[in-house]
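Top line first, the protein sequences correspond to chains W, Y, U, S, P, D and X. Each residue of the first sequence is one higher than the one before, starting from 1 at the first, in my numbering. Each residue of the second sequence is one higher than the one before, starting from 78 at the first, in my numbering. Each residue of the third sequence is one higher than the one before, starting from 155 at the first, in my numbering. Each residue of the fourth sequence is one higher than the one before, starting from 232 at the first, in my numbering. Each residue of the fifth sequence is one higher than the one before, starting from 309 at the first, in my numbering. Each residue of the sixth sequence is one higher than the one before, starting from 386 at the first, in my numbering. Each residue of the seventh sequence is one higher than the one before, starting from 463 at the first, in my numbering.
The hints are simulated quantities; they were obtained by calculation from the structure and are not laboratory data. Don't take each hint at face value.
Straight-line C-alpha distance at most 30 Å; calculated DSBU-like pairs for lysine-lysine [said to hold, decoys possible]:
| no. | chain 1 | residue 1 | chain 2 | residue 2 |
| --- | --- | --- | --- | --- |
| 1 | U | Lys179 | Y | Lys105 |
| 2 | P | Lys341 | P | Lys366 |
| 3 | W | Lys46 | W | Lys58 |
| 4 | X | Lys490 | W | Lys25 |
| 5 | W | Lys33 | U | Lys187 |
| 6 | Y | Lys110 | W | Lys25 |
| 7 | W | Lys28 | U | Lys179 |
| 8 | U | Lys182 | S | Lys256 |
| 9 | X | Lys508 | X | Lys490 |
| 10 | D | Lys443 | D | Lys431 |
| 11 | Y | Lys110 | S | Lys277 |
| 12 | X | Lys487 | X | Lys520 |
| 13 | Y | Lys110 | S | Lys264 |
Cβ-Cβ distance ranges computed for the label pairs, FRET-style [as the list claims (entries may be wrong)]:
| no. | chain 1 | residue 1 | chain 2 | residue 2 | range |
| --- | --- | --- | --- | --- | --- |
| 14 | S | Val270 | D | Arg399 | 18 to 24 Å |
| 15 | D | Ala441 | X | Leu471 | 25 to 31 Å |
| 16 | U | Gly215 | Y | Ile128 | 33 to 39 Å |
| 17 | W | Arg59 | D | Gly446 | 56 to 62 Å |
Where is the CB? At the ideal position from N, CA and C, for every residue including glycine.
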Amino acid sequence: MIFMAQRPLDVLNRALGSPVLVGLKGGKELRGKLGGFDVHINLVLKEAEEIHGSEASKRYGTMVIRGDSVVFISPAE
Amino acid sequence: MIFMAQRPLDVLNRALGSPVLVGLKGGKELRGKLGGFDVHINLVLKEAEEIHGSEASKRYGTMVIRGDSVVFISPAE
Amino acid sequence: MIFMAQRPLDVLNRALGSPVLVGLKGGKELRGKLGGFDVHINLVLKEAEEIHGSEASKRYGTMVIRGDSVVFISPAE
Amino acid sequence: MIFMAQRPLDVLNRALGSPVLVGLKGGKELRGKLGGFDVHINLVLKEAEEIHGSEASKRYGTMVIRGDSVVFISPAE
Amino acid sequence: MIFMAQRPLDVLNRALGSPVLVGLKGGKELRGKLGGFDVHINLVLKEAEEIHGSEASKRYGTMVIRGDSVVFISPAE
Amino acid sequence: MIFMAQRPLDVLNRALGSPVLVGLKGGKELRGKLGGFDVHINLVLKEAEEIHGSEASKRYGTMVIRGDSVVFISPAE
Amino acid sequence: MIFMAQRPLDVLNRALGSPVLVGLKGGKELRGKLGGFDVHINLVLKEAEEIHGSEASKRYGTMVIRGDSVVFISPAE
Chain W
1 MIFMAQRPLD
11 VLNRALGSPV
21 LVGLKGGKEL
31 RGKLGGFDVH
41 INLVLKEAEE
51 IHGSEASKRY
61 GTMVIRGDSV
71 VFISPAE
Chain Y
78 MIFMAQRPLD
88 VLNRALGSPV
98 LVGLKGGKEL
108 RGKLGGFDVH
118 INLVLKEAEE
128 IHGSEASKRY
138 GTMVIRGDSV
148 VFISPAE
Chain U
155 MIFMAQRPLD
165 VLNRALGSPV
175 LVGLKGGKEL
185 RGKLGGFDVH
195 INLVLKEAEE
205 IHGSEASKRY
215 GTMVIRGDSV
225 VFISPAE
Chain S
232 MIFMAQRPLD
242 VLNRALGSPV
252 LVGLKGGKEL
262 RGKLGGFDVH
272 INLVLKEAEE
282 IHGSEASKRY
292 GTMVIRGDSV
302 VFISPAE
Chain P
309 MIFMAQRPLD
319 VLNRALGSPV
329 LVGLKGGKEL
339 RGKLGGFDVH
349 INLVLKEAEE
359 IHGSEASKRY
369 GTMVIRGDSV
379 VFISPAE
Chain D
386 MIFMAQRPLD
396 VLNRALGSPV
406 LVGLKGGKEL
416 RGKLGGFDVH
426 INLVLKEAEE
436 IHGSEASKRY
446 GTMVIRGDSV
456 VFISPAE
Chain X
463 MIFMAQRPLD
473 VLNRALGSPV
483 LVGLKGGKEL
493 RGKLGGFDVH
503 INLVLKEAEE
513 IHGSEASKRY
523 GTMVIRGDSV
533 VFISPAE
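Assemble the whole structure, with the sequences as input and the hints as a guide.
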């Protein structure tokens, strides 16, 4: 059996335009549509909202997030 | 359908001269007009004020903010 | 006797497609299948779940984790 | 209407010799005259004093401040 | 008398295959056999276990540890 | 009137051999004579002592201080 | 009078083989003989022991310490 490794930036590329969950340093979590990213993992998040549990607690619209603050990006499935 | 990815710096470029919300490490939030930026995401914020909730708590005028302290920039919509 | 040193990225390479435990800064631990990685130790984790002790407390599906937040990766044996 | 973007270092350059407020990581704020700076945003601050609210709490004279510790520089208006 | 300086990576090289104590940021300590390392001081630790005092509190098997999280490596003597 | 900007490293150069106050991350303050420095703002501090208020609380003799830990250097006037 | 500046790495070089005090981020202090170092200020410390006040609280033997964790190195006089 052959395992095909996925590169992290390829996974982000396939998630473009789709809903993602983003975890930030300090524990804040945001959800929105992944509008874009660059090699530093700076992100564009559209229709972004901060969530606590599964509740939206604050709406931001479009956000540019610096990669340095990002812990993870998880595409919705 | 074709999804056109937006590069983070392009989103900042379109926000030049417009109101933005800026989140800093440690949780401080500022609003003002985006006066400029560079590739390190160092920012120029004009008519800047620190906000708590939706209240302005402190006025700064023009600020140069080091990119290293920036978590996100959200253009007003 | 000859000791053959293992390079860190070679160990990750052999773990591709297999279960791993990932420790993050701040103490959070995740388990999942290692889907991919790059030289910055950015990771792709599949079927990821956060664990407390040996209990899964939150399910994420696929995650891209920034290397900067990773403390360790331990392949299951 | 044409918006002319201001580069962060240009804003600092125009503030040379003038009073500025400097915010440091950890929340300390200093005011003084901006005596110089370099591309790392290392600063020279003259007649520097630490402030709490609008009170000077400690006088330093000339300070060289490492850019890595700087959050923002706000020229007085 | 001539003092022969030891380069840090040479000390690690001589410790390959031998027991080491590893201190991480935040104070966690691990022991295991040093399986490998690279110039970033990313480590491979074999038969790794977390210790409190001299007691093993958690067993990990093989770990890849990011150099950025490492404070020290002390070869057993 | 012409304002002559001072580069941060030039200010350090003029302070060589003279008393300085050094502020470190975490709030510790040291005073001593500036014995040398390099472009990373690694410092040599001679006759160094930690101070609390204006009292010397601990004497160190010569110290090499990593620039990464330095917040500011203030030459005595 | 001519002041001869000392470069930080030259001070470390003269301390090779001699007792030093090493301060780490977080406040831990170690003493031992400086066995070696590199340009990142990664250190080799021999006969290393952690100290509280002037008491040795823990003995480590030889340690490789990552420069990123080092705040200062003070040669004994």
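Evaluation of the provided hints:
no.: 1; hint: Lys179/U to Lys105/Y; in the structure: 22 Å, holds
no.: 2; hint: Lys341/P to Lys366/P; in the structure: 15 Å, holds
no.: 3; hint: Lys46/W to Lys58/W; in the structure: 14 Å, holds
no.: 4; hint: Lys490/X to Lys25/W; in the structure: 25 Å, holds
no.: 5; hint: Lys33/W to Lys187/U; in the structure: 25 Å, holds
no.: 6; hint: Lys110/Y to Lys25/W; in the structure: 26 Å, holds
no.: 7; hint: Lys28/W to Lys179/U; in the structure: 14 Å, holds
no.: 8; hint: Lys182/U to Lys256/S; in the structure: 25 Å, holds
no.: 9; hint: Lys508/X to Lys490/X; in the structure: 17 Å, holds
no.: 10; hint: Lys443/D to Lys431/D; in the structure: 14 Å, holds
no.: 11; hint: Lys110/Y to Lys277/S; in the structure: 29 Å, holds
no.: 12; hint: Lys487/X to Lys520/X; in the structure: 18 Å, holds
no.: 13; hint: Lys110/Y to Lys264/S; in the structure: 25 Å, holds
no.: 14; hint: Val270/S to Arg399/D: 18 to 24 Å; in the structure: 21 Å, holds
no.: 15; hint: Ala441/D to Leu471/X: 25 to 31 Å; in the structure: 27 Å, holds
no.: 16; hint: Gly215/U to Ile128/Y: 33 to 39 Å; in the structure: 35 Å, holds
no.: 17; hint: Arg59/W to Gly446/D: 56 to 62 Å; in the structure: 58 Å, holds
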